[in-house]
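From first to last, the protein sequence lines stand for chains S and Y.
Residue 67 in the UniProt record's numbering sits at position 67 of the first sequence; the count goes up by one each step and never skips.
Residue 233 in the UniProt record's numbering sits at position 233 of the second sequence; the count goes up by one each step and never skips.
Calculated from the structure, these hints are not laboratory results.
Not the full set, but computed from the structure, chain S residues with beta-carbon under 10 Å of chain Y:
(1) Tyr99
(2) Ser101
(3) Pro104
(4) Ser106
(5) Arg107
(6) Val110
(7) Asp138
(8) Thr140
(9) Gly141
Positions of the beta carbon are idealized from the N, C-alpha and C atoms, including for glycine.
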Amino acid sequence: MFRNQYDTDVTTWSPAGRLFQVEYAMEAVKQGSAAIGLRSATHIVLATVNKATSELSSHQKKIFKVDDHIGVAIAGLTADGRVLSRYLRNECINHSFVYESPLPISRLVVQLADKAQVCTQRSWKRPYGVGLLVAGLDETGAHLYYNCPSGNYFEFQAFAIGSRSQAAKTYLERRFDNFDKYSREELIKDGLFAIKETLQGEKLTSAICTVAIVGVGETFHIINQQTIEQVIESLDIVEDAQAADAAAESASEEPSAAQEPGAAPMELQ
Amino acid sequence: MEWGAVSSEGKEVSTILESGSQRTLSPYVTGTSVLGLKYKDGVIMAADMGGSYGSTLRYKSVERIKPIGKHTLLGASGEISDFQEILRYLDELIIYDHMWDDGNSLGPKEVHNYLNRVMYNRRNKFDPLWNSLVVGGVKNGQKYLGMVGMIGTHYEDNHVATGFGNHLARPIMRAEWREDLTFEEAVKILEKCLLVLLYRDRSAINKFQISKITEEGVTISEPYALKTNWDFSAFQNPTKGAEGSW
Numbered sequence: 001m002f003r004n005q006y007d008t009d010v011t012t013w014s015p016a017g018r019l020f021q022v023e024y025a026m027e028a029v030k031q032g033s034a035a036i037g038l039r040s041a042t043h044i045v046l047a048t049v050n051k052a053t054s055e056l057s058s059h060q061k062k063i064f065k066v067d068d069h070i071g072v073a074i075a076g077l078t079a080d081g082r083v084l085s086r087y088l089r090n091e092c093i094n095h096s097f098v099y100e101s102p103l104p105i106s107r108l109v110v111q112l113a114d115k116a117q118v119c120t121q122r123s124w125k126r127p128y129g130v131g132l133l134v135a136g137l138d139e140t141g142a143h144l145y146y147n148c149p150s151g152n153y154f155e156f157q158a159f160a161i162g163s164r165s166q167a168a169k170t171y172l173e174r175r176f177d178n179f180d181k182y183s184r185e186e187l188i189k190d191g192l193f194a195i196k197e198t199l200q201g202e203k204l205t206s207a208i209c210t211v212a213i214v215g216v217g218e219t220f221h222i223i224n225q226q227t228i229e230q231v232i233e234s235l236d237i238v239e240d241a242q243a244a245d246a247a248a249e250s251a252s253e254e255p256s257a258a259q260e261p262g263a264a265p266m267e268l269q
Numbered sequence: 001m002e003w004g005a006v007s008s009e010g011k012e013v014s015t016i017l018e019s020g021s022q023r024t025l026s027p028y029v030t031g032t033s034v035l036g037l038k039y040k041d042g043v044i045m046a047a048d049m050g051g052s053y054g055s056t057l058r059y060k061s062v063e064r065i066k067p068i069g070k071h072t073l074l075g076a077s078g079e080i081s082d083f084q085e086i087l088r089y090l091d092e093l094i095i096y097d098h099m100w101d102d103g104n105s106l107g108p109k110e111v112h113n114y115l116n117r118v119m120y121n122r123r124n125k126f127d128p129l130w131n132s133l134v135v136g137g138v139k140n141g142q143k144y145l146g147m148v149g150m151i152g153t154h155y156e157d158n159h160v161a162t163g164f165g166n167h168l169a170r171p172i173m174r175a176e177w178r179e180d181l182t183f184e185e186a187v188k189i190l191e192k193c194l195l196v197l198l199y200r201d202r203s204a205i206n207k208f209q210i211s212k213i214t215e216e217g218v219t220i221s222e223p224y225a226l227k228t229n230w231d232f233s234a235f236q237n238p239t240k241g242a243e244g245s246w
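In isolation and in its complexed conformation, chain S is listed as follows (with noise of 0.2 Å):
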């Protein structure tokens, strides 16, 4: 990204019709670790990469419960994570109050990106710096959003944001057609490995990742690590017989997949 005279206000279009701070703000997303989600027919998973800045201090939370039915996870600025989470949790718990019945996810994150859109168009503002995969149910099934800084709002079966997260996309993306006949275990265990592709070699362990899950019957809670542990063990014994063959794979398709369009994300794609 190149210095641009157009830059320093939101409010500022650019000749080529573009909003240069929103697109920043876009780019803070990409800065952060990594998150992905995943979803089937009746459940969808949340993982995350957790980085403590050093040894001695604990890790950033980057998943949140919004409700029984709905949570989210972050990559960007956390502090602009933590308070979105609290607008979401805010918004659930009055049409609870108010419905006695739980919102339906495809009308929250309408709300939040009208939210993210409103400080696309204020001078005073600025947008907010981080990407929310929101995962959630509602009468129609299990549904992932993801929520960016342009106010933009998109549905996937699966996504993945944050740094190296692209590793993470082309597994999903090799992958995807299946998930929806996927029961739960297989979902777990796909998410994880979405997420050791992010790791680029480092080793996977459960005090690195975080993993959500929510589903039609299960209340969404954070998955202990001993379990995950137990499924990181498993996927050990799989991955080295898989090795060989994926190495092959990733080079050819990575060159391809890293070009990654620069102009204009806002644009639909």
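Chain S is fixed; fit chain Y onto it per the hints.
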């Protein structure tokens, strides 16, 4: 303070505040009991079509049961104009819900809770909507029947009634209600209750509508009357045993 002044008889007298707002302190045109019960395929509700102006039976074609969205029926007793106001609120709510067009919709449980919030909040402002509401419906195979009063009292049950119906109809419903009644059986129970109310409730008229709601939708019957019998011997010379009566 915004409370109305109390006259010598202890009844509240209407006061107009400096701001010019007025509050409902007594109802004017009222409907009497509404009855509801759950049956095999859904929920059935009955009410007469009378709108009384005090002791005068002023209006005789008032529809006191209305469909709300796809999944709910609402019946009201009490002030008719407040019922119409509630229908306007719900209309807005349902249209807004419909505009989402996203496969989600408000069901009877949501409508019931929303009305409860509205009634309770109005009560807290000493400006109640003077109604007792019966909310019934079916959504995704789940039957729902509940009541909300003007002070925000609310509950769910297999059979509900408002006003006089609470005292005269519910004992009959308690004795005769069973799980999985057929439509005909449910109508029989309701007609039995309606007849008692017709004899004993001064504000009831002999013109009823029975409404049912099932997964398929709402049906509201044409108005009809029940057969009454005034030939009882007790009605001949009713004051025979009371000296001094006429």
